[in-house]
Amino acid sequence: MSEKRTFWICLLALVVALPLAFVVRAWESLREGHWLATQKAEIVVEDGAGQAFAGGQWKLLDMRRLPRTNDARVILAEFEASPTDPAVLSQGACRVRLIDSEGRRFEPVTLTEPIVREMYPEVAERPRCGVLAFTDAKTGATVRMAESFIVPAEARDLSLRIEFPGASDETLIFK
Amino acid sequence: MPVVQRSKIRQRLLIMLVTGIGGMAAAAVSFATAVYDAANPVPAVTAAKGEAIDTGRWRVTINDATMASVPPTGTKPFEPKRFLMVDIELDNRSVTTSNAFMNLIAIKDERVIASPKPVYYLARDKWIASAINPNMPEKLIAVWEWPADRPEPEKVSLSIGKQIYKPRDNLYGAPNWFDDGEAAVVELAVTQDTGSSEQ
Amino acid sequence: MSALRALLLSVSAIAALYAMRSSTPGYGDITAPIAVRGAVGERVESRDFAFGAANVHLARQVRVESFGRIKEYSTSGIWLIIEGAAVAKTETMTLTSAEWLAGNGLRYELSQRFSTVPGYLPTERLEPGLPRPVLLAFELPEAAVDKGTLLVARSLVMPLAEELWITLGDKQPTDIKPSVTIARGSSGTPWTLAAR
Numbered sequence: 001m002s003e004k005r006t007f008w009i010c011l012l013a014l015v016v017a018l019p020l021a022f023v024v025r026a027w028e029s030l031r032e033g034h035w036l037a038t039q040k041a042e043i044v045v046e047d048g049a050g051q052a053f054a055g056g057q058w059k060l061l062d063m064r065r066l067p068r069t070n071d072a073r074v075i076l077a078e079f080e081a082s083p084t085d086p087a088v089l090s091q092g093a094c095r096v097r098l099i100d101s102e103g104r105r106f107e108p109v110t111l112t113e114p115i116v117r118e119m120y121p122e123v124a125e126r127p128r129c130g131v132l133a134f135t136d137a138k139t140g141a142t143v144r145m146a147e148s149f150i151v152p153a154e155a156r157d158l159s160l161r162i163e164f165p166g167a168s169d170e171t172l173i174f175k
Numbered sequence: 001m002p003v004v005q006r007s008k009i010r011q012r013l014l015i016m017l018v019t020g021i022g023g024m025a026a027a028a029v030s031f032a033t034a035v036y037d038a039a040n041p042v043p044a045v046t047a048a049k050g051e052a053i054d055t056g057r058w059r060v061t062i063n064d065a066t067m068a069s070v071p072p073t074g075t076k077p078f079e080p081k082r083f084l085m086v087d088i089e090l091d092n093r094s095v096t097t098s099n100a101f102m103n104l105i106a107i108k109d110e111r112v113i114a115s116p117k118p119v120y121y122l123a124r125d126k127w128i129a130s131a132i133n134p135n136m137p138e139k140l141i142a143v144w145e146w147p148a149d150r151p152e153p154e155k156v157s158l159s160i161g162k163q164i165y166k167p168r169d170n171l172y173g174a175p176n177w178f179d180d181g182e183a184a185v186v187e188l189a190v191t192q193d194t195g196s197s198e199q
Numbered sequence: 001m002s003a004l005r006a007l008l009l010s011v012s013a014i015a016a017l018y019a020m021r022s023s024t025p026g027y028g029d030i031t032a033p034i035a036v037r038g039a040v041g042e043r044v045e046s047r048d049f050a051f052g053a054a055n056v057h058l059a060r061q062v063r064v065e066s067f068g069r070i071k072e073y074s075t076s077g078i079w080l081i082i083e084g085a086a087v088a089k090t091e092t093m094t095l096t097s098a099e100w101l102a103g104n105g106l107r108y109e110l111s112q113r114f115s116t117v118p119g120y121l122p123t124e125r126l127e128p129g130l131p132r133p134v135l136l137a138f139e140l141p142e143a144a145v146d147k148g149t150l151l152v153a154r155s156l157v158m159p160l161a162e163e164l165w166i167t168l169g170d171k172q173p174t175d176i177k178p179s180v181t182i183a184r185g186s187s188g189t190p191w192t193l194a195a196r
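Protein chains in written order, with the numbering used here: chain Z, 1 to 175; chain L, 1 to 199; chain H, 1 to 196.
Quick caveat, the hints were computed from the structure, so don't treat them as lab data. Don't take each hint at face value.
Said to hold, decoys possible - Keeping only pairs whose Cα atoms sit at most 30 Å apart, straight-line, the calculated DSBU-like set for lysine-lysine is:
1) H:Lys-177 to H:Lys-147
2) L:Lys-117 to H:Lys-147
3) H:Lys-177 to Z:Lys-40
4) L:Lys-139 to H:Lys-177
5) L:Lys-139 to H:Lys-89
6) L:Lys-139 to H:Lys-71
7) Z:Lys-4 to L:Lys-81
8) L:Lys-81 to H:Lys-89
9) Z:Lys-175 to H:Lys-89
For clarity, every value in this text was computed on a predicted model and none was experimentally measured.
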């Protein structure tokens, strides 16, 4: 009788223990998946207004559309940030993307496009958004930055998306 | 009734004794062999010049060694330098293209503390070699820049590494190649290149 | 009788475990890229990018002309050169992995010997919606061309991503040219390819 009881208890314990083992093993992955799936908070800014973000006051100055080839255009985005907390600003790494109406993500080009140098030489000299731009930034002094992108001619409703991992969990979006 | 009971207990005791002694013996043997292996390292296999060495992933043949002042590209360096050049033949026996051979061959010399990694050139067009394809044996030249403060060698010992394939590794169960000590040691006489023959 | 039964049971249990062990796919198989099949001459689509191979050439030697200088690349097998076009669909990317899977299962990576060839696949940055002409070159033994497949993916180390499997089909070249010259193109095309 007692042997039979032990058998059943063991079987029942197995029913509990097996799924528990799965959950314990997958726990880290589940948490990571949840963290990846949750939408980061977005701050949407329209009509060139200023916005506090990642230890600075940010503002989109201009977004120009320049010709490149028949089917491609250069987008020159000019924006500025006046540090309110330079320590926070210099901690993070700036990540800029351009998003179009179809949700396609464009990365900024690393070399300045010839057309930018030709038409807006003073903008071409501006630093790109990164640690270098903020190394000797003082509180209150504005840092002007420029990034250029190459997009198809039919790309519409472009918005500039700035992430600052390390300094802010939010995403700044200029429309 | 009590007789049956006693014999059962005795049987159990015997089983415990046998398994216990067997387990202990197995552990002792494995420990002893590990200690013995560590105390008596197997002497490295020596291979002759021009002999194909099976290293698992690669089939390597070591040919001539020369000291020269011009690298295989033929462009004389700005400052005078000496190069140890070893002709080798390589055959990739694995299923994919690989550049793992670059860590395969090292100079075996206690006095050279950290012998710098050699640069590999393709013998057929004297250009820096990239990864080697499977089923396409290639002739290469391994080039070490010889330190200026050391006398030029008359003999050099090269240690050829070994790699083994595991279909399932111990961490993920992923297939991969792993280093497995030394396949062979090759001792070579180094000839002097007068520099006039090569341009 | 009971001993025989126990023996039979344990033998069948060992057999079942062995069968399960040997039929379990390995980590490499579980995380392998997902194949999207296509052929030369058609646009093959994955979720993130599309690629189409147009022309296939075989040559004994490749000559690369850049800035007036010609560099010759020999091979102990033959050169397989593919001209095609690639486009990103969702984000800016570079297709860093291209392999030739021979009929016997051997994999040949894209040759890394060219550094100055315009439009070479792993150096070409692809913007979403803007197709770019791309060039690929492999060094192969002659027998590996037949029944081979071109594999193109974003990265070799991205598990469960999509990978294009492109067969030559009827576009397999019949002759091996002694030499192919690749030069920087003047207008429109990034390169020109001339066979001799």
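Right, here's what the structure says about each hint:
With a C-alpha separation of about 20 Å, the suggested pair Lys-177 of chain H and Lys-147 of chain H falls inside the 30 Å cut-off, and the hint holds. The hinted pair formed by Lys-117 of chain L and Lys-147 of chain H fails the criterion: a straight-line CA distance of about 39 Å is larger than 30 Å. A threshold of 30 Å between alpha carbons decides the hint, and for Lys-177 of chain H with Lys-40 of chain Z the separation of about 56 Å lies outside it, so the pair is violated. A distance of roughly 24 Å separates the Cα atoms of Lys-139 of chain L and Lys-177 of chain H; the hinted pair therefore holds under the 30 Å criterion.
A threshold of 30 Å between alpha carbons decides the hint, and for Lys-139 of chain L with Lys-89 of chain H the separation of about 43 Å lies outside it, so the pair is violated. Pair hint Lys-139 of chain L plus Lys-71 of chain H holds up; C-alpha atoms about 20 Å apart against a cutoff of 30 Å. For the hint linking Lys-4 of chain Z to Lys-81 of chain L, the alpha-carbon distance of about 84 Å lies beyond 30 Å, and the restraint is violated. The suggested pairing of Lys-81 of chain L with Lys-89 of chain H is violated, with an alpha-carbon distance near 52 Å, which exceeds 30 Å.
Our distance criterion of 30 Å between C-alpha atoms is met by Lys-175 of chain Z and Lys-89 of chain H, whose separation comes to about 22 Å.
Checked against the numbered hints above, the structure breaks hints 2, 3, 5, 7, 8 and satisfies the rest.
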